[in-house]
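Peer 1: Residue numbers (the working numbering), protein chains in the order written: chain A, 1 to 178; chain B, 1001 to 1239.
No wet-lab data here; the hints were simulated from the structure. Hints may be right or wrong, so weigh each one.
Unchecked claim - Each computed SDA-like pair below joins lysine to any residue, with the alpha-carbon atoms no more than 20 Å apart:
no., chain 1, residue 1, chain 2, residue 2
1, B, Lys1017, A, Arg21
2, A, Lys144, B, Ala1004
3, B, Lys1012, A, Arg21
4, B, Lys1017, A, Ser117
5, A, Lys25, B, Leu1026
6, A, Lys144, B, Arg1185
7, B, Lys1136, B, Tyr1160
8, B, Lys1216, B, Thr1203
9, A, Lys25, B, Leu1201
10, B, Lys1012, A, Arg160
11, B, Lys1219, B, Gly1196
12, B, Lys1216, B, Leu1201
13, B, Lys1012, A, Arg69
14, B, Lys1136, B, Thr1234
15, B, Lys1017, A, Arg160
16, A, Lys25, B, Glu1024
17, B, Lys1159, B, Asp1200
18, B, Lys1012, A, Val53
19, B, Lys1012, A, Ser117
20, A, Lys25, A, Val53
21, B, Lys1017, A, Leu145
22, B, Lys1159, B, Lys1236
23, B, Lys1012, A, Gln20
24, A, Lys12, B, Arg1032
Note that the structure is predicted; figures quoted are calculated from it, not measured.
The primary structure of each chain is shown beneath.
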Amino acid sequence: MFEDELLKLKFKAGRVDALQRIYEKYRDYLLTLAMALSNDGATAEDVVHDVFVSFTQSGSKFQLHGNLRAYLATCVVNRVRDRIRARKRQGRTLDEQMPLESDFDPPDGRILSDERSRLVARALARLPDEQREVIALHLNGQLKLREIARLQNVPLTTVRGRYRHGIDRLRSILNGRL
Amino acid sequence: MKPAEEIERLVKQISFKASHAMDEHLWTNIARAGDGRTEELAQDHRNIRRFIMRMSAKRIAIAALALIGAGAITAVGVNVGRIYYWGTSADGTHHVFYTKGPSGDGFTMMDANGVTDVEQTRRDLEEMQNLSQQGKKELLRVEETAINGTVDMKMHEYKYTLADGRTHEIREGAKWGGGFDDKQRWQEWRQLKEAGPGQDLGTSEATVEGRLFSFKRAKYVLGDGTEIIWSVGTPKDGQ
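Using the sequences provided together with the hints, build the complete structure.
Peer 2: So, in structure tokens, the structure goes:
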């Protein structure tokens, strides 16, 4: 937290070392979050790329009084939402991309830790968007449910419900497969 | 069926890391988006800086009136950086001054109650920066915090004597490793410190900036097993 405040000030002052540190610090965190939200390595990479490029270009106009990590996570969520909407317009959904159990290995450059994680990521993709978002933001993005409620612009009770139903559904999808 | 906790654990384990190639690709594009500002990186890397940040009261507890920086203020040069008044901290308890100069950019935070005249304080800070560049300051105290055996945070407290005879004691950060970026970790350690002195590890001696210091060391263990060793050094000749 202390370091982030300093990084924000340095970044605003145009310091590239601050940008590089922010990138190194949050790259994998954001990639993981984007992957959990999109279940697609290429999308995750593109989203993180776009978030950082846009962040970089904000330069001296950058204004943030809150938490840097939560801010970047929100940027990722918004961009993933845009991509999911675009996919839906094309008639594709996340879970249609890949069967739950598959020999598919992500191409070089995208390393998802193990087969178990891939299975769980695919199961996540089968959840309704709102449930997946709450679970990914809470468990992978380490955001509090209250923060997620603000981000989704819904009451906290709704977020709690989405989380609980999402976890129940994951249990059901993964039953006997792990 | 797996219990919910097991599912939560599995989701948390999803980890997506950038490979070297992806990392290179991403960073190249990001740096390009910065309009060539990467050139500053090499130039800035060795700059000497003093930093203190605008932060909430809780965060101020971390560094008190410290100046956080990547190195001691040892730059030699005739050009002293200009110090500007930035304003008050978010919670109004501190005044923030901004340094811009050849020895780097930085922030200095002063206790709002101790600043009766902002312009005078600004001039004092400039004078102290000048004195610092000339090495005219007295090291009074050194604090080191090691997390699991690695020194993570280092603070030096200096005394400056201004031309008119007034003295200022100010803490300057020599290192901030980021080990206390985790708010919970920081709060837990603070609570432990407030609760008692910690396990006494005895004293040791070390030379800091050419002066022999006696360090008193204490150990604290956090709930997750993190071992923190807090050392406070005072000059041996001053005891």
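Peer 1: Decide, hint by hint, whether the structure agrees.
Peer 2: Status of the hints after comparison with the structure:
| no. | hint | verdict |
| --- | --- | --- |
| 1 | B/Lys1017 x A/Arg21 | 16 Å, holds |
| 2 | A/Lys144 x B/Ala1004 | 18 Å, holds |
| 3 | B/Lys1012 x A/Arg21 | 24 Å, violated |
| 4 | B/Lys1017 x A/Ser117 | 13 Å, holds |
| 5 | A/Lys25 x B/Leu1026 | 14 Å, holds |
| 6 | A/Lys144 x B/Arg1185 | 17 Å, holds |
| 7 | B/Lys1136 x B/Tyr1160 | 7 Å, holds |
| 8 | B/Lys1216 x B/Thr1203 | 4 Å, holds |
| 9 | A/Lys25 x B/Leu1201 | 34 Å, violated |
| 10 | B/Lys1012 x A/Arg160 | 18 Å, holds |
| 11 | B/Lys1219 x B/Gly1196 | 11 Å, holds |
| 12 | B/Lys1216 x B/Leu1201 | 8 Å, holds |
| 13 | B/Lys1012 x A/Arg69 | 17 Å, holds |
| 14 | B/Lys1136 x B/Thr1234 | 18 Å, holds |
| 15 | B/Lys1017 x A/Arg160 | 29 Å, violated |
| 16 | A/Lys25 x B/Glu1024 | 15 Å, holds |
| 17 | B/Lys1159 x B/Asp1200 | 28 Å, violated |
| 18 | B/Lys1012 x A/Val53 | 27 Å, violated |
| 19 | B/Lys1012 x A/Ser117 | 9 Å, holds |
| 20 | A/Lys25 x A/Val53 | 16 Å, holds |
| 21 | B/Lys1017 x A/Leu145 | 25 Å, violated |
| 22 | B/Lys1159 x B/Lys1236 | 16 Å, holds |
| 23 | B/Lys1012 x A/Gln20 | 26 Å, violated |
| 24 | A/Lys12 x B/Arg1032 | 17 Å, holds |
Hints 3, 9, 15, 17, 18, 21, 23, counting from the list given before, are not met by this structure.
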